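Numbered according to our numbering, the sequence shown spans residues 1 to 309.
Please keep in mind that the hints were generated in silico from the structure rather than gathered at the bench.
No experiment lies behind these values; they were computed from the predicted model shown.
Take these hints with a grain of salt, some might be off.
So the derived label-pair ranges between C-beta atoms look like this [unchecked claim]: (1) HIS78 to THR18: 21 to 27 Å; (2) ASN51 to SER81: 31 to 37 Å; (3) ILE72 to THR98: 54 to 60 Å; (4) GLN61 to VAL266: 29 to 35 Å; (5) ARG76 to GLU250: 53 to 59 Å; (6) VAL252 to ILE72: 42 to 48 Å; (7) VAL159 to GLN48: 51 to 57 Å.
With a straight-line cut-off of 20 Å between C-alpha atoms, the simulated EDC-like cross-links for lysine to aspartate or glutamate are [unchecked claim]: (8) LYS222 to GLU86; (9) LYS222 to ASP263; (10) LYS222 to GLU129; (11) LYS222 to GLU11; (12) LYS222 to ASP15; (13) LYS222 to ASP60; (14) LYS222 to GLU157.
Where a beta carbon is used, it is the ideal one built from N, C-alpha and C, also for glycine.
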Amino acid sequence: MLDPTSLFTWEPHVDQRTLRTPTMVVTLGSYVDAGHTQRQLDRQLLEQLPNRVLGRFDADQVLDYAGRRPQITFDRDHFSSYEAPEITLRLLTDHDGTDFLLLNGPEPALQWERMAASVRHVAEQLSVEQTVLLQSMPAPAPHTRPVAVTRYASDPELVADEAPVLGTFQLSASFTGLLTLRLGEAGQRALGLVAHVPHYIADNDYPAAAAALMGALRDVAKLAVPVDGFDLAAGIVRAQIDNQVAASEELVEMVGALERGYDAFVEERHLRNVENSQLPSADEIGHQFEQFLADLGDGRPDEDGESAG
Numbered sequence: 001m002l003d004p005t006s007l008f009t010w011e012p013h014v015d016q017r018t019l020r021t022p023t024m025v026v027t028l029g030s031y032v033d034a035g036h037t038q039r040q041l042d043r044q045l046l047e048q049l050p051n052r053v054l055g056r057f058d059a060d061q062v063l064d065y066a067g068r069r070p071q072i073t074f075d076r077d078h079f080s081s082y083e084a085p086e087i088t089l090r091l092l093t094d095h096d097g098t099d100f101l102l103l104n105g106p107e108p109a110l111q112w113e114r115m116a117a118s119v120r121h122v123a124e125q126l127s128v129e130q131t132v133l134l135q136s137m138p139a140p141a142p143h144t145r146p147v148a149v150t151r152y153a154s155d156p157e158l159v160a161d162e163a164p165v166l167g168t169f170q171l172s173a174s175f176t177g178l179l180t181l182r183l184g185e186a187g188q189r190a191l192g193l194v195a196h197v198p199h200y201i202a203d204n205d206y207p208a209a210a211a212a213l214m215g216a217l218r219d220v221a222k223l224a225v226p227v228d229g230f231d232l233a234a235g236i237v238r239a240q241i242d243n244q245v246a247a248s249e250e251l252v253e254m255v256g257a258l259e260r261g262y263d264a265f266v267e268e269r270h271l272r273n274v275e276n277s278q279l280p281s282a283d284e285i286g287h288q289f290e291q292f293l294a295d296l297g298d299g300r301p302d303e304d305g306e307s308a309g
């Protein structure tokens, strides 16, 4: 593997030795940006929070331009501009004055191991304590219900309070999946948040999913991020979808079936979480066991009136 430390370049004005940022948020592309969720999150964060670029990863090393072609402008008889893709690391400040990192850009297509090692190295330099990855996926979910957000983590203990939604299976890898794995192997905390976007709207803007992810980021990372900016757009999109669905009996039936499936999913998930919450933790079991052993030798009389031990 080529030297991963040479893949990232700090901006000239940045002295990384003075930076200590406990949280890094990742919105790198994955299979598909369902509902254009990551794009909306980036725009919301960068437009509403103070930010500056700390450095850039060498996109020319890790992107497949033919597979994901960037835009170039042709003006009558000449090419006038080219939108070079970038993978950037920015420092943002939330509404409470807390700094955090944002790593965003297209998904790397090449040199995944080198890129993951480079991200890990930068995170270590900046004393990052937790990495939160934001993603979305097309799902059999209706637009008439709240957007579900599921979690995964580098360490199952990080999501122990939530019953797993899926079982064990193999799927095509994404860079963010590999990054989560490698961060966990290095002892770093990584938590993924995935919004379930209705599959029939996945190719269009779906602000409700971006709002759900932003709210989940606020809760897990304890960051004062802008969560209210999507309300108006989400309401407009909801009304447009409602009108289109109402005009088709077939769509009405499809959405009704999705609603029943969603409601069953939510109910099962709730019951499983309740069951999990009623189970004692490992520490509680250990404490009870220690107390049991202590009671065995405390001299209390047994059923025959004799002392134990």
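**Q.** Numbered hints the structure breaks, given as an ascending list
**A.** When the structure is compared with the hints, numbers 1, 2, 3, 4, 5, 7, 8, 9, 11, 12 and 13 turn out to be violated.
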